[in-house]
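Asker: Listed here are the chains, written in short residue letters.
Protein chains: 2
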Amino acid sequence: MTDPAWISELTFTDQGLIPAIAQDAQSKRILMFAWMNKESIVETVESGQAVYWSRSRQALWRKGEISGHHQLVEEIRLDCDGDVITLLISQIGGIACHTGRESCFFRVLKNGEWTATDSVLKSPEEIYSNE
Amino acid sequence: MTDPAWISELTFTDQGLIPAIAQDAQSKRILMFAWMNKESIVETVESGQAVYWSRSRQALWRKGEISGHHQLVEEIRLDCDGDVITLLISQIGGIACHTGRESCFFRVLKNGEWTATDSVLKSPEEIYSNE
Chain A
1 MTDPAWISEL TFTDQGLIPA IAQDAQSKRI LMFAWMNKES IVETVESGQA VYWSRSRQAL
61 WRKGEISGHH QLVEEIRLDC DGDVITLLIS QIGGIACHTG RESCFFRVLK NGEWTATDSV
121 LKSPEEIYSN E
Chain B
132 MTDPAWISEL TFTDQGLIPA IAQDAQSKRI LMFAWMNKES IVETVESGQA VYWSRSRQAL
192 WRKGEISGHH QLVEEIRLDC DGDVITLLIS QIGGIACHTG RESCFFRVLK NGEWTATDSV
252 LKSPEEIYSN E
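Each protein sequence line maps, in turn, to chains A and B.
According to this note's numbering, the first sequence is numbered sequentially starting from 1.
According to this note's numbering, the second sequence is numbered sequentially starting from 132.
Just so you know, these hints were derived from the structure itself, not from any lab.
The structure displayed is predicted, hence computed values, not measured ones.
Check the hints yourself; a few may be wrong.
Distance ranges between label pairs, derived from CB positions [to be verified]:
| no. | chain 1 | residue 1 | chain 2 | residue 2 | range |
| --- | --- | --- | --- | --- | --- |
| 1 | B | K253 | A | E9 | 17 to 27 Å |
| 2 | B | G224 | A | S27 | 24 to 34 Å |
| 3 | A | A59 | B | G224 | 41 to 51 Å |
| 4 | B | A190 | A | V120 | 32 to 42 Å |
| 5 | B | E256 | A | S90 | 34 to 44 Å |
| 6 | A | G16 | B | A190 | 25 to 35 Å |
| 7 | A | E113 | B | N242 | 45 to 55 Å |
| 8 | A | Q58 | B | E256 | 38 to 48 Å |
| 9 | B | D212 | A | G16 | 18 to 28 Å |
Interface residues of chain B toward chain A, partial, derived using beta-carbon atoms under 7 Å [to be verified]:
| no. | residue |
| --- | --- |
| 10 | F164 |
| 11 | E206 |
| 12 | I207 |
| 13 | T217 |
| 14 | C228 |
C-beta: ideal position from N, C-alpha, C; glycine also.
Required output: the full structure, derived from the provided sequences and hints.
Answerer: Below is the structure:
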């Protein structure tokens, strides 16, 4: 399969990865940060759903595959250096974080302490059960 | 100097870095992505202005030092894994990108092409002249 032309403008790390930041299309809240490789970004563009690269599993990570919390991609942006992308997404289920919260960025630095601002909307046990 | 206690909850890469995403406090637009090391994040918190780590120069990068485009930090968040931070900032001069644009993410993927959506507000020559 030939790479699409737009891929040539991306700069990947030595490991073949590029950082991707997912932002809620409505609220503009930053929901998560993950990595993509060439294959995952091509599949993201073609399918319209976010596909990342799991560094721990060394495998494509089709967001929502188990949890059902898919991310519908409305817009993809590239930065000036071509080495970071952003996704404007619609988050199915309203939960992006594996802890069951809306956003992975649920801790704010306040008086020298990381303080949680979000509650768990659904327990991880419930999210990742396959029953 | 002793590290502040909140630092212990951060996970740095093997190079001692952590990704930082700067987002406009008003519009919530993502303005830039850069890296921080321990020293730069401590200085960011203490000074209230964004300080990154320049990987190309291998030096602290006090944003705005030359350009005057400082970033006043209103909020710092940490993700679930403790290995990415976000900054809500007020961007002095309205220009975060070294190309003279509001945001580094000025290209959107449209019909298979990266299309610029932002114009240059101030030329880099003008921004980075020291006269």
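Asker: Lying within 25 to 35 Å: is that true of the beta-carbon distance G16 (chain A) to A190 (chain B)?
Answerer: 28 Å, holds
Asker: Assuming the hint says 18 to 28 Å, is it satisfied by the Cβ distance from D212 (chain B) to G16 (chain A) or not?
Answerer: Once the Cβ atoms are compared, 21 Å apart, the range 18 to 28 Å for G16 (chain A) and D212 (chain B) holds.
Asker: Within 34 to 44 Å or not, the Cβ separation of E256 (chain B) and S90 (chain A)?
Answerer: At roughly 41 Å between Cβ atoms, S90 (chain A) and E256 (chain B) fall inside 34 to 44 Å, so the hint holds.
Asker: Under 7 Å is the threshold here; is the Cβ of E206 (chain B) close enough to any Cβ of chain A for the hint to stand?
Answerer: Holds. Min distance 6 Å.
Asker: Between G224 (chain B) and S27 (chain A), does the beta-carbon spacing fit 24 to 34 Å?
Answerer: 26 Å, holds
Asker: Verify the interface restraint on T217 (chain B): the C-beta must sit less than 7 Å from at least one C-beta of chain A.
Answerer: Because about 5 Å separates T217 (chain B) from the closest Cβ in chain A, which is inside the 7 Å limit, the hint holds.
Asker: Minimum Cβ distance from I207 (chain B) to chain A below 7 Å?
Answerer: 4 Å, holds
Asker: Honestly, do A190 (chain B) and V120 (chain A) meet the 32 to 42 Å range at C-beta?
Answerer: Roughly 41 Å apart at Cβ, these two residues keep to the hinted range, so it holds.
Asker: Taking 41 to 51 Å as the hint, is the beta-carbon distance of A59 (chain A) and G224 (chain B) inside that range?
Answerer: Hint holds: Cβ distance 43 Å, inside 41 to 51 Å.
Asker: Cβ-Cβ distance between Q58 (chain A) and E256 (chain B): within 38 to 48 Å?
Answerer: Hint holds: Cβ distance 45 Å, inside 38 to 48 Å.
Asker: Using the Cβ atoms, figure out if K253 (chain B) sits within 17 to 27 Å of E9 (chain A).
Answerer: Holds: the Cβ-Cβ distance is about 24 Å, inside 17 to 27 Å.
Asker: Under the criterion of a CB-CB separation shorter than 7 Å, is F164 (chain B) in contact with chain A as hinted?
Answerer: This interface hint holds because 4 Å falls under the 7 Å limit.
Hint check: no violations occur; every hint is consistent with the structure.
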